[in-house]
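Undergrad: Chain residues, written in single-letter form:
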Amino acid sequence: MDWTALWLSLRLAGWTVVILLPVAIVMGRFLAYRRFRGKGLVEAFVMLPLVLPPTVFGFYLLVAFGRNSPLGDLWQGLFGQQLVFSFQGLVVASVIFNLPFAIQPAQRGFEAVAVELREAASCCGMSPLRSLWQVELPLAWPGVLTAMVLSFAHTLGEFGIVLMVGGSIPGETRTIAISIYDSVQGFDDRGAAIMSAVLVAFSLFAIAVTFWLSARVGRRLS
Amino acid sequence: MPVSRFRRFVLAAALACGMLGAPVVAQDDVPVIAAASDLQFAVTEIAAAFTAETGMDLRLSFGSTGNFARQIRAGAPFEIFMAADEHFIADLHAEGLTKDSGDLYGMGRIVVMVPHGSALIPDEGLDNLAALLAAGGITRFAIANPDHAPYGMRAREALITRGIWDDLQPFMVLGENVSQAAQFALSGNAEGGMIAYALALAPEVAARGRFALIPAEWHDPLRQRMVLLHNAGPVAEAFYEYLQTPAARAIMTRYGFDLPEGE
Numbered sequence: 001m002d003w004t005a006l007w008l009s010l011r012l013a014g015w016t017v018v019i020l021l022p023v024a025i026v027m028g029r030f031l032a033y034r035r036f037r038g039k040g041l042v043e044a045f046v047m048l049p050l051v052l053p054p055t056v057f058g059f060y061l062l063v064a065f066g067r068n069s070p071l072g073d074l075w076q077g078l079f080g081q082q083l084v085f086s087f088q089g090l091v092v093a094s095v096i097f098n099l100p101f102a103i104q105p106a107q108r109g110f111e112a113v114a115v116e117l118r119e120a121a122s123c124c125g126m127s128p129l130r131s132l133w134q135v136e137l138p139l140a141w142p143g144v145l146t147a148m149v150l151s152f153a154h155t156l157g158e159f160g161i162v163l164m165v166g167g168s169i170p171g172e173t174r175t176i177a178i179s180i181y182d183s184v185q186g187f188d189d190r191g192a193a194i195m196s197a198v199l200v201a202f203s204l205f206a207i208a209v210t211f212w213l214s215a216r217v218g219r220r221l222s
Numbered sequence: 001m002p003v004s005r006f007r008r009f010v011l012a013a014a015l016a017c018g019m020l021g022a023p024v025v026a027q028d029d030v031p032v033i034a035a036a037s038d039l040q041f042a043v044t045e046i047a048a049a050f051t052a053e054t055g056m057d058l059r060l061s062f063g064s065t066g067n068f069a070r071q072i073r074a075g076a077p078f079e080i081f082m083a084a085d086e087h088f089i090a091d092l093h094a095e096g097l098t099k100d101s102g103d104l105y106g107m108g109r110i111v112v113m114v115p116h117g118s119a120l121i122p123d124e125g126l127d128n129l130a131a132l133l134a135a136g137g138i139t140r141f142a143i144a145n146p147d148h149a150p151y152g153m154r155a156r157e158a159l160i161t162r163g164i165w166d167d168l169q170p171f172m173v174l175g176e177n178v179s180q181a182a183q184f185a186l187s188g189n190a191e192g193g194m195i196a197y198a199l200a201l202a203p204e205v206a207a208r209g210r211f212a213l214i215p216a217e218w219h220d221p222l223r224q225r226m227v228l229l230h231n232a233g234p235v236a237e238a239f240y241e242y243l244q245t246p247a248a249r250a251i252m253t254r255y256g257f258d259l260p261e262g263e
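Heads up: the sequence lines are chains A and B, in that order. Under the working numbering, the residue at position 15 of the first sequence is numbered 15, and the numbers go up by one with no gaps. Under the working numbering, the residue at position 209 of the second sequence is numbered 209, and the numbers go up by one with no gaps.
It cannot be assumed that every hint is accurate.
Said to hold, decoys possible - Below, simulated SDA-like cross-link-like pairs (lysine to any residue); rule was C-alpha separation at most 25 Å, straight line:
1) B:K99 <-> A:S69
2) B:K99 <-> B:R254
3) B:K99 <-> A:K39
4) B:K99 <-> A:Q82
5) B:K99 <-> A:P100
6) B:K99 <-> A:V26
7) A:K39 <-> A:P100
8) B:K99 <-> A:G80
9) B:K99 <-> A:G77
10) A:K39 <-> A:V26
11) B:K99 <-> A:Q76
12) B:K99 <-> B:P234
13) B:K99 <-> B:H116
14) A:K39 <-> A:A114
15) B:K99 <-> A:A114
Derived by calculation from the structure, the hints in this document are not laboratory data.
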């Protein structure tokens with residue numbers, strides 16, 4: 001059992017969720033309440049990572065942020081470190097790849113908030129921020145929580161991009177999924193079996209929590 | 001009250017964020033060695049001996065030589081690169097990405113290996129493979145991807161020499177590197193495959209089947225070379241030296257990596 005890899009995956013998933021939480025709230029709310037020209041295109045962009053193979057994104061990341069690329073140089077200049085083959089690089093990849101999992105459920109959550117309530121809030125003189133905090137989020141949070149749980153669980157299962165831009169460096173980019181892959185190739189079936197079982201348990205738990213939450217919300221709203 | 005539940009959620013989220021700030025084991029000073037996957041068992045053993053002897057830690061990363069070369073060009077922070085084929089080192093050296101031209105550490109050999117219970121019998125001349133192929137008894141045969149994995153390239157050369165490359169095409173499964181090819185070959189879903197001698201000699205792999213060494217003249221020599229990369233620190237340099245000591249050489253020889261005469 002590769003505990004370093006499991007801890008790395010949990011940290012990666014944690015950072016992904018921390019970064020995606022505000023993104024999901026802002027974008028989800030925006031897409032739920034606003035109508036504008038090209039909204040379909042924006043929503044399509046958000047959903048793109050769902051259909052694109054990770055290799056496409058891994059290739060772009062390798063080319064765009066590799067050595068000798070302007071973006072790679074800029075990042076190196078700003079942070080003194082390479083983006084590809086680093087933990088930060090995995091976080092960037094993971095955030096972009098989880099956009100649909102974070103924004104979609106949050107958007108559904110905000111859409112479920114009755115328009116009369118929001119109008120009442122603004123009529124009472126609440127600022128949009130206060131309305132978000134005291135009226136919308138308390139009603140929409142199960143959607144936001146679902147978004148975060150899905151992003152977390154999905155990050156644990158990320159494989160293709162990490163394989164392409166990670167380099168399987170222990171403690172830096174060797175996630176649990178990569179470690180399982182390495183174990184299988186190293187004929188360590190026992191290690192692969194244990195780690196796979198841990199991942200199955202984790203993912204099952206996350207999805208069960210999500211279903212349980214949405215069921216509760218469904219009851220409350222009906 | 002939904003509001004209080006929401007507050008609890010915020011509190012839990014804040015706690016979870018706090019956990020992320022927990023100190024992480026600092027491993028930045030532990031060098032990463034990128035090694036071709038045929039070295040999976042040999043180098044793991046040498047690294048363990050090195051750590052036991054010197055107390056210095058290493059991080060090992062195994063994969064396809066071609067993929068590592070690509071990652072080194074993109075700036076991967078490896079400190080030593082042990083390639084399965086010296087051409088990759090020569091190219092990196094020409095691009096100024098290595099400290100020097102490196103050192104030869106062994107000659108790679110390929111074997112035909114079959115899992116227990118396979119209809120295929122491994123033999124040096126691949127006669128049984130040719131016969132079984134002609135009789136329609138082959139459904140799957142595994143090699144490493146000959147586009148970028150050195151062991152795949154040599155397997156292709158050997159099969160071309162034997163004259164059965166074209167006939168084998170419909171049944172070929174390609175591993176991303178030679179370890180994966182070995183996994184495919186011995187999983188029981190294929191009649192067999194061509195893999196690295198060094199892997200076939202490892203107890204974990206040897207227990208799964210039988211093999212026969214392919215004549216070295218059937219393919220270009222697989223000259224395996226290692227090199228220090230520019231960001232190599234003192235630990236990487238010590239390990240690089242250790243790899244050339246008699247103790248490390250003895251392990252390499254046990255895994256079939258002989259050095260050519262006079263080198």
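Undergrad: Does each hint hold? Answer for all of them.
TA: To see whether the hints hold, each was checked on the structure:
1. B:K99 <-> A:S69: Given that 25 Å is the threshold and the Cα spacing comes to 23 Å, the pair holds.
2. B:K99 <-> B:R254: violated, 29 Å
3. B:K99 <-> A:K39: Judged against 25 Å, a Cα distance of about 53 Å means the pair is violated.
4. B:K99 <-> A:Q82: holds, 20 Å
5. B:K99 <-> A:P100: violated, 44 Å
6. B:K99 <-> A:V26: violated, 49 Å
7. A:K39 <-> A:P100: holds, 15 Å
8. B:K99 <-> A:G80: Holds, at about 22 Å.
9. B:K99 <-> A:G77: With a Cα-Cα distance of about 24 Å, the restraint between K99 (chain B) and G77 (chain A) holds, given a limit of 25 Å.
10. A:K39 <-> A:V26: Given pair K39 (chain A), V26 (chain A) holds - Cα atoms ~15 Å apart, limit 25 Å.
11. B:K99 <-> A:Q76: holds, 22 Å
12. B:K99 <-> B:P234: holds, 14 Å
13. B:K99 <-> B:H116: violated, 45 Å
14. A:K39 <-> A:A114: At roughly 21 Å apart (the allowed maximum being 25 Å), A114 (chain A) and K39 (chain A) satisfy the hint.
15. B:K99 <-> A:A114: violated, 66 Å
When held up to the earlier numbered hints, the structure conflicts with 2, 3, 5, 6, 13 and 15 and fits the remainder.
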